[in-house]
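Participant: One letter stands for each residue in the lines below.
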Amino acid sequence: MKQVFIVLLVCLLVASVAFYLVSPSGESEKALSEAYQAYRHGEEANTVNERTEFFNKALSLYTDLEKRFHPKYGNGKLYYNIANSYFQLGQYPMAVLYYYRTLDLMPKNERAQRNLQIALSKLKISDKPKDTTFKKIFFFHYGFSLSERFRIFFVFAVLGTLLGSLYIWLKLSWLKKCAILFALTAGVFLGSIAYSNYFIPVEGVIIKSTSLYRDAGQQYAKVLKEPILSGTKVEVLDILHEGHWLKIITPDGALGYIPQNSIKII
Amino acid sequence: MVRSLFLIIFSMFMVYQSIGQIDAFISYKLYAQNEEGVKITAEIGADSFENTPLKGTITVTHDKRLSVDPDSILLDKKPIKVNFVKEVPLSADTVISIYEFSIPAMPKGLHLLPETSVVVGVQRYVSVPSTFTVKEKKETPQSSVPATPQISPQKGDAPVILQLENIVSEDTTLYPGQRINVGYRYSYSYGFDLSKEEIPLLEGKGFRKIGGKEVKENTKGALAILEVTQLLEAEVPGEYSFGPGIIEGRAYKRGALGQKIQDQSIKQAETPAVTLKVIPFPEEGKPASFKGAVGNYDFNVSLSSPTQVNVGDKITLLVKVTGTGAIDSVPIPDICCQPGFSGFFRLSDLPPEEKIENNTKTFYVEMRPLSASITEIPSIEFSFFNPQDKRYTTLKSQPIPITVNPVKVKEQTPLFEEEIKEKQTEPEALNAIEIEGNTILTTEDLKNKLFGTWKVLWIIPFSIGILLLQIQMKNYILNYKQQIKTETSTDIFNKALEFSPQSPEFFNLIHRAFLLRLVERGEIASIDIAIDSLSERGASGKVRRFLTKIESQRFSGKQEATDKDLLAETRELFHELDK
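Chains as they are written, first to last, in the numbering used here: chain A, 1 to 266; chain B, 267 to 845.
So here's chain A without its partners, still in its complex pose (with noise of 0.2 Å):
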């Protein structure tokens, strides 16, 4: 019985170290390895040619796992690197746009800052980020990404009960106290969390010029002389026509209709 029972153990164990092997971990790795060899070589290049070769093949390479895996609540630190390889083609309008999600992810990180600034200033635009009062105050809003906001709720609320079901029994003031505070605090989290997903409108980034018109139809005159630049961050009020038309308000406040292929949702 003994002999049976470590017979099941050891083929459990080569089953898994084998759908390890197999499984597709081992080819993301592979090809983020590549990628950021590509990239590499990119940067190493000696000729257009060969840097726009290598740049383009680790673009994608990283478009493909970003296909694959969807990490809108990840680290966003894939999206900063598609966002520099879109870079260095010069698609700087779908580098803006990804160094807007990687910081939607990472608020704090400097470097996709710095890279979104010279980004931006190659498309001739100016988007420097406010520091408010009101900033300062809810901190802990404008400071952590969805998914950190996600974390610290989760983490809060896992000490409150915690603490509470200790209270329960124990019935110690100061653990009530606790609890209540960290309860208050998940609380807080929570909120903000909801705020940002019903009541913050959804932003975009231009990628293509586009004219802004007063309706949904090109048929409608222009609401501006200009047409907007490629790289623009403008606000999605509504989506019309099947989604073939989105109502925007721009940094200017400037109100119309652009078509949906000239937009890109961050």
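Simulated from the structure, these hints should not be mistaken for lab results.
If you're wondering where the values come from, they're calculated on a predicted model, not measured in any experiment.
No residue lacks a Cβ here, since even glycine has one placed at the ideal position from N, Cα and C.
Just to be clear, a hint being listed does not mean it is correct.
[Said to hold, decoys possible] Dumping the calculated DSSO-like pairs for lysine-lysine here, alpha-carbon to alpha-carbon at most 30 Å: (1) Lys305/B - Lys482/B; (2) Lys264/A - Lys715/B; (3) Lys72/A - Lys721/B.
[Unchecked claim] To spell it out: a stretch of chain B is covered by chain A in this simulated footprint if at least three of its residues, at any positions, have a beta carbon under 8 Å from a beta carbon of chain A; those stretches are: (4) 345 to 359; (5) 632 to 638; (6) 643 to 656; (7) 697 to 706.
Fit chain B to the given chain A structure using the hints.
Facilitator: Quick look at chain B alone, frame taken from chain A:
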């Protein structure tokens, strides 16, 4: 728009003058309409005077394949003699037959013209009764200063006709992007000063107007026909109702000096309301490449640049869409998102140039190959929805083979050392890297953060549930303890007396009762104490001796005292401890 009809009117009027001397009837008009579109109008002239026979007209609008029987005309269900005046073609299938009749003179005042009926084809149609006014006959009808110029009711003048019809195609159910031509057909004799014109179809509320209004003018017999149409394009699904089209005005003709001679009565014409329905595209079978093209198209992609290019060179693709439908609204396929383009070609940031010729729309798409590994321009997919068979069709272009060469490095010619040095000091064409580099990633960086997604919200019901469960559990335990606590030694003692003194239950309960009594007296702390641990003195000593005695008696099997004696001794000791 309609104002332009005034220009035609004068010439029309001259035509009427030549037709013959017919009384101009300025009348009250009502008509009956049936499902087949037959309309009957019975009118009495507005300038009707007392003591004069009254003249009227019957206008029958009908399909020209149906014949009107003049002998079947009844006024107030009685036969009446009518004279055929003329037949005026209104459209390809519709004509207006005009008859005149006369009724005896009537005193001045308001009168009712009874219903008129006539057989058209094989069916009898009835008009609606109407009122008319008979005026007082003045001895001197020609006053020195005439108040308002009027159309003289001279014999031979044509009757005043004003009709309005909707122009709408049969299929009023549309898909977004589909187009429909709508409008009105005005049919009239004489000129009209319109005082009211409600033409909601031309407004096209809820639809996108394509181009301006189209106006067609022609004459059919003695009538002038004016068709005003507007091309509309459906946009948003929904049901759009357009109220009845109404026009109202006074007829007029020009006098000998060119002055307007206006009719006193107001004519009105009305069309039924129209509902246009815009339904959404079916979700079933909707291809990913569908972007809203409606119609029936052919699709072709060709290359207008050389097939041999270098990396980064601009190439222009001609994307041609040909067919029937709203060709100018056909959107360009989303080339950037189609397989084989992302990462290999860079499309221009500017919207592609478009050109429309006849039924062909050409997009000039500019792009640049980014890699020398490209061997072809991949197939491009274009989808459209055909509203006739209500199906999506997806067309794919053929891949176009191209050769993309890497950028050539200029051939090096031998240089002298000085030249080499100079060359080395020249700035390189390759720009310096401007941004901070990539970071090394692991598979962990590809995943969403653990407890970093919406899934963590399960902690809320879980925490609430677990806290409530613990509160319940604690309450239960407290209640249980409370129950145990409230059971006194007397309760247990009385319970023990219910059992036989020889039974194990009796012994167990007596044992608990005595020990609990000692607890109640404060002599011991808990009932969980061995008998041997009890003190040998005082009440504890008595209990110890008694319990040892009955225990040894129970286990030895020797019955030294009767049950009665045992019970008496037990009671006595218990009561003694009570003191």
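Participant: Each hint should be assessed against the structure and marked as holding or not.
Facilitator: So, going through the hints one by one against the coordinates:
1. Straight-line distance between C-alpha atoms of Lys305/B and Lys482/B comes to about 25 Å, which keeps the hinted pair within the 30 Å bound.
2. For the hint linking Lys264/A to Lys715/B, the alpha-carbon distance of about 24 Å falls within 30 Å, and the restraint holds.
3. This hinted pair checks out: Lys72/A and Lys721/B have alpha carbons roughly 13 Å apart, not beyond 30 Å.
4. Closer than 8 Å: that is the beta-carbon criterion, and the region 345 to 359 of chain B has 0 residues meeting it against chain A, so the requirement of 3 is violated.
5. Only residues whose beta carbon comes within less than 8 Å of a beta carbon in chain A count, and the region 632 to 638 of chain B has 3; three or more means the coverage holds.
6. Coverage of the region 643 to 656 of chain B by chain A is violated [criterion: at least 3 residues with CB-CB distance below 8 Å; count 0].
7. Chain A is given as covering the region 697 to 706 of chain B, and this holds because 8 residues of the stretch bring a CB closer than 8 Å to a CB of that chain, at least three being needed.
When the structure is compared with the earlier hints, violations turn up for hints 4 and 6 and for no others.
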